[in-house]
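Once you've looked at the hints, dock chain R with the ligand against the given chain S.
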Amino acid sequence: MKAGLEIHQQLSTGKLFCDCPSELSDETQGTFVRRLHAVVGETGTQDQAARLQSGRGLRYRYEVSPNSCLVEADEEPPHGLNPKALGVVLTLSELLHAHVIDEVQIMRKTVVDGSNTSGFQRTALIAVDGEISVNGKRFTIPSICLEEDAARKVGDAPGEVQYRLDRLGIPLLEIATGPEISSGEEARDVAEALGALLRATRKVKRGLGTIREDLNVSIEGGARVEIKGVQELRAIPEFVENEVGRQTLLLELREKLRSHGASVPTTPPVDVSEVFRTTTSRGVKDALAKGGRVLALPLPGFSGLLGTSKTGPERLGRELADYARATGVGGILHSDELPAYGVTPQEVEAVRSRLGLGGKEQDAYVLVAAAAGPAERAIEAVRARAREALRGVPEETRDPVLEGRTRYSRPLPGRHRMYPETDIPPIPIDARLLQELHLHLPERPEETLARLTSKVGLAPDVARKLVREGEVEVFDRLVASGHPVPLVARLLTTELPALEAGLPAPIAESDEARVRLLEPVLQAIGSGRFAKEGLGRVLTLHFQERRDLDSAIAAAGLSALSAEELQGMAKKVVEANVGLLRERGASAFQPLMGDLMASVRGRRDGKEVAEVLRRAVQERLGALGGDGKSP
Amino acid sequence: MSGPAPAQAATPGDSAQDPYDRLRHLPLGTHVALRHPSGRRLAGWLLPPDSLSSARVVKLKLPSGYNIGVRIEPGTTFEVLPGPPFGAEATDAAPGNGQGAPRPAEDPIAGTVALLTTGGTIASRIDYTTGGVHPVKEPGNLEALYPGITSGGPIHVRSVAEILSEDMTPAVWTRLAEEVVRELHRGVRGVVVAMGTDTLAYTAAALAFQLRDLTGPVVLVGAQRSIDRPSSDGVDNILGAVRVARQADLGEVVVVMHATPSDEQLAIHRGTRVRKMHSTRRDAFRTLNGRPLGMLVGEELRLESGHRPRGTGPARAEAGFSDAGELVWMYPGLSASTAEACATRARGIILAGTGMGHLAADHLPWIRRATERGVVVGMATQCLEGEVDPFVYSRGRELLQAGVAFLGDISPETAFVKLQWALARSTDPSVVRRLLVDDLCGEFGPARGLGTKKSAPDAGKEGIA
Ligand SMILES: [Zn+2]
Numbered sequence: 174m175k176a177g178l179e180i181h182q183q184l185s186t187g188k189l190f191c192d193c194p195s196e197l198s199d200e201t202q203g204t205f206v207r208r209l210h211a212v213v214g215e216t217g218t219q220d221q222a223a224r225l226q227s228g229r230g231l232r233y234r235y236e237v238s239p240n241s242c243l244v245e246a247d248e249e250p251p252h253g254l255n256p257k258a259l260g261v262v263l264t265l266s267e268l269l270h271a272h273v274i275d276e277v278q279i280m281r282k283t284v285v286d287g288s289n290t291s292g293f294q295r296t297a298l299i300a301v302d303g304e305i306s307v308n309g310k311r312f313t314i315p316s317i318c319l320e321e322d323a324a325r326k327v328g329d330a331p332g333e334v335q336y337r338l339d340r341l342g343i344p345l346l347e348i349a350t351g352p353e354i355s356s357g358e359e360a361r362d363v364a365e366a367l368g369a370l371l372r373a374t375r376k377v378k379r380g381l382g383t384i385r386e387d388l389n390v391s392i393e394g395g396a397r398v399e400i401k402g403v404q405e406l407r408a409i410p411e412f413v414e415n416e417v418g419r420q421t422l423l424l425e426l427r428e429k430l431r432s433h434g435a436s437v438p439t440t441p442p443v444d445v446s447e448v449f450r451t452t453t454s455r456g457v458k459d460a461l462a463k464g465g466r467v468l469a470l471p472l473p474g475f476s477g478l479l480g481t482s483k484t485g486p487e488r489l490g491r492e493l494a495d496y497a498r499a500t501g502v503g504g505i506l507h508s509d510e511l512p513a514y515g516v517t518p519q520e521v522e523a524v525r526s527r528l529g530l531g532g533k534e535q536d537a538y539v540l541v542a543a544a545a546g547p548a549e550r551a552i553e554a555v556r557a558r559a560r561e562a563l564r565g566v567p568e569e570t571r572d573p574v575l576e577g578r579t580r581y582s583r584p585l586p587g588r589h590r591m592y593p594e595t596d597i598p599p600i601p602i603d604a605r606l607l608q609e610l611h612l613h614l615p616e617r618p619e620e621t622l623a624r625l626t627s628k629v630g631l632a633p634d635v636a637r638k639l640v641r642e643g644e645v646e647v648f649d650r651l652v653a654s655g656h657p658v659p660l661v662a663r664l665l666t667t668e669l670p671a672l673e674a675g676l677p678a679p680i681a682e683s684d685e686a687r688v689r690l691l692e693p694v695l696q697a698i699g700s701g702r703f704a705k706e707g708l709g710r711v712l713t714l715h716f717q718e719r720r721d722l723d724s725a726i727a728a729a730g731l732s733a734l735s736a737e738e739l740q741g742m743a744k745k746v747v748e749a750n751v752g753l754l755r756e757r758g759a760s761a762f763q764p765l766m767g768d769l770m771a772s773v774r775g776r777r778d779g780k781e782v783a784e785v786l787r788r789a790v791q792e793r794l795g796a797l798g799g800d801g802k803s804p
Numbered sequence: 103m104s105g106p107a108p109a110q111a112a113t114p115g116d117s118a119q120d121p122y123d124r125l126r127h128l129p130l131g132t133h134v135a136l137r138h139p140s141g142r143r144l145a146g147w148l149l150p151p152d153s154l155s156s157a158r159v160v161k162l163k164l165p166s167g168y169n170i171g172v173r174i175e176p177g178t179t180f181e182v183l184p185g186p187p188f189g190a191e192a193t194d195a196a197p198g199n200g201q202g203a204p205r206p207a208e209d210p211i212a213g214t215v216a217l218l219t220t221g222g223t224i225a226s227r228i229d230y231t232t233g234g235v236h237p238v239k240e241p242g243n244l245e246a247l248y249p250g251i252t253s254g255g256p257i258h259v260r261s262v263a264e265i266l267s268e269d270m271t272p273a274v275w276t277r278l279a280e281e282v283v284r285e286l287h288r289g290v291r292g293v294v295v296a297m298g299t300d301t302l303a304y305t306a307a308a309l310a311f312q313l314r315d316l317t318g319p320v321v322l323v324g325a326q327r328s329i330d331r332p333s334s335d336g337v338d339n340i341l342g343a344v345r346v347a348r349q350a351d352l353g354e355v356v357v358v359m360h361a362t363p364s365d366e367q368l369a370i371h372r373g374t375r376v377r378k379m380h381s382t383r384r385d386a387f388r389t390l391n392g393r394p395l396g397m398l399v400g401e402e403l404r405l406e407s408g409h410r411p412r413g414t415g416p417a418r419a420e421a422g423f424s425d426a427g428e429l430v431w432m433y434p435g436l437s438a439s440t441a442e443a444c445a446t447r448a449r450g451i452i453l454a455g456t457g458m459g460h461l462a463a464d465h466l467p468w469i470r471r472a473t474e475r476g477v478v479v480g481m482a483t484q485c486l487e488g489e490v491d492p493f494v495y496s497r498g499r500e501l502l503q504a505g506v507a508f509l510g511d512i513s514p515e516t517a518f519v520k521l522q523w524a525l526a527r528s529t530d531p532s533v534v535r536r537l538l539v540d541d542l543c544g545e546f547g548p549a550r551g552l553g554t555k556k557s558a559p560d561a562g563k564e565g566i567a
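Respectively, the protein sequence lines represent chains S and R.
Residue 174 is where the first sequence starts when you use the working numbering, and the numbers rise one by one after that.
Residue 103 is where the second sequence starts when you use the working numbering, and the numbers rise one by one after that.
Treat the hints as calculated values from the structure; they're not laboratory data.
Because the structure is a prediction, the values reported are computed rather than measured.
Mixed in with the good hints, there may be bad ones.
[Claimed, not checked] Only some residues are given here: those of chain R computed to face chain S with a beta carbon under 7 Å: (1) Leu154; (2) Val159; (3) Gly167; (4) Gly171; (5) Arg173; (6) Asp330; (7) Pro332; (8) Pro363; (9) Asp365; (10) Thr382.
Glycine residues also receive a C-beta, built at the ideal position from the N, C-alpha and C atoms.
Bound-form chain S, shown alone (with noise of 0.2 Å):
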């Protein structure tokens, strides 16, 4: 097998054609509504998937965004390229040793699935013929790309696609690999330093969805399918090898066809709809009732091998159903599954003879319910489905359904959906500018972990989880001003990432923003506003529960406990276990420590606390008369 990697990362400059910034939204300001029309291209033709798309006539419906303006309502034209955002691509270009493109043109890549309000996505070639080196073995960078990233979609009506503008605009920065990958744990290395090359530059976003991988999977015989949009690194194998192993089954069902000499008819479909006037079958009944049809094609020497829900999770029904489902109908049913789903025997073998397949035993057909035009439509899509499967696989376009499973979305985008954004003029690349960057590259990730073990004297695990997490940036402005190594090394390592675990978005996007929030936390402790110790009771009654930071520690019970209070509470511990006391002596200190602790909550410093204690003790055992027993 060969794989190749498509890396999309949004960055956290603010979006890349507008000022406005890149952090999502929940508010609302009004909606609108647009259709799409397909457009002729730069070579006089209109890109195939495009056409199908809007041939489909859906409304989209706007969320208007605080962080949105005109140009994401495609209300005016985009302002200039985001010299911030370039700047990251031209750093990471270097990083990965890419050849910069002398003059940069933005291109309009055709999109009419209602994702951009335009039509098309805005992107624009980079950089060319990079590499990086994973664990030993050199990986080509055929691409660096900058791109703005789509609307996000927010619901589904019959004939009408929701989505909201906050996402629309954001730069995502593009990085293709060569088709160099053999396996899905490589697959996934890839990604991973890929990942970490990227948050070198200190300017991405971080949180579920801001990095994205496309994967494309093919095998020996098969071909080019393009897996959108995982989101999961830890994902990737699982998705490789289950395209593996489709693209196998597609090929082995091949030569099966091929021996039961298959083929796919080119007379137009038979109107079986008479055949079902009485049927008890839900799906066929509703069709005909909203005055459908029921459209059949026949397709000799198909039985058996579309397959059944106990054939396994892959199949070539299923593959026939998602072409048919991507025209906008429901599904289909074909003469393996049959009869079932409330289509009883006598109906089964009155379409057989109504397709005179009567006694040919080795010959399927699949049926569509559904009004006239919709079902012609999707039994064409079968059609084109079917005559694939004779040839092995077809090139397309998946995406992620559940349990590493993909399902059919649309057919690899040809280049004719390429043409430039007139609105932009080509963006020279100084070379003077480069070689400044060249200059003042970032830290690449193994020179962090080199720094922050030897020179900063972290241990090994909590370096590479900053630099996992992205948290480098924000770990060297913590320490930088003045805040304990140690102190912030658990904050980003232990404490921030439990309390982020469990919000639905990090509690801010960008390494700025995140240094504003925490640095406050860290100076309440410094000045001994509270113990390090009530850190993550703090870090949720204030981040998760939306409490200012005075509140939180008030609420967070760490705000006054005096000297005075802590020895009574010493003392109250030490009295209610005398009998203990008496028993272990000095050794029943630990279990002693544990009590006052949970009473003292993080109010007072852990060591501070021990000290009270041990002369608390000590003095009731003086009291006591003599040491007590002592292990």
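Relative to chain S, chain R with the ligand alone:
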């Protein structure tokens, strides 16, 4: 197919051998491989140069579809690769051919809508290899650009001009009026005029003053967002304009454009009262001082009372414009001598005054001199919303005494177009002045209440904050 041509090494300094010059003389679309002196190789198809490119940059279309600019060093070498030029290998069929062809009609005219094009991109195709824009003439091509445009009946397309909106002239206004009358005499249901939006409102006013006894709507239409984008408002606008031309009981000149940022909500504006109020937004066109004449929401066409219905005809044109009028914007600091210079060759002047129609006192003497010479002077407000009133402040009364005609709530641009038209009707200042102040085709607004300020009646539900 021949093998690759041998690499054509270039000697630095030899201008005849400069690879940049040699590349520039290859046919566009040639498949070439460029090799930078550093060894980097890039292959693609040659594209036309971009006028905004830096020096010695050649544009390439890469196999991935991306366009890039490559600086050609004196030491760059290149070879011409075999294979078809760019575009020739395209396999996707051109869309729309044969589909939805015009419905064959018994009578080729009954039910037909005439579409007059003037060269805006709304009825043009863009040729990306040459950058050229060509008017659409074939109904088949029109159907490819605007699927469904011929579903209600045939469209008769004629190119009246091939100019940008900003290059529009009164001569074209005249020609358009004559063509509209010709089409209506042929029996079409209505006429659509497609043009760029910059001067669309001027053209609308110009047609409104020229055309009389219209037997069907004359609908001006354009696209605020370029027609080469899938999101262009042009599709809805032109489909809506054709629908209005075919179905609406209107005997006047109107503009049909988006009422809101949403598709499927179009406003029908009276041609003399509409103004482009935003440089880019879809809902840029607004009826000043009132509501639009009607709305087209989805397939539902609604007309407000007060519109002029289709006449019995025959339609006629009082076509033609003078060039003896001027439009002067009265701003603080404008010197009287500069303003008067405008009056020396003019037979008429529209003043765009401040507020209710005011200007600085030092202008009064030249205005008096001008009106005494027989120059017709009209006053409109640069506020755009609201009307002029000479009686509230003393300056208004002084202007009235100086012979200035106050022109109600008409916009300065519409007043100016009307002046140019009126000056072409007569050389007698009193006749010109009469034409200027009379309501000829609904250019002066009806009484306004506080509730009628908003121009798009249904704009409230959906909209950009
Ligand atoms: Zn914006």
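Report the numbers of all earlier hints that the structure fails to satisfy, in ascending order.
-> none
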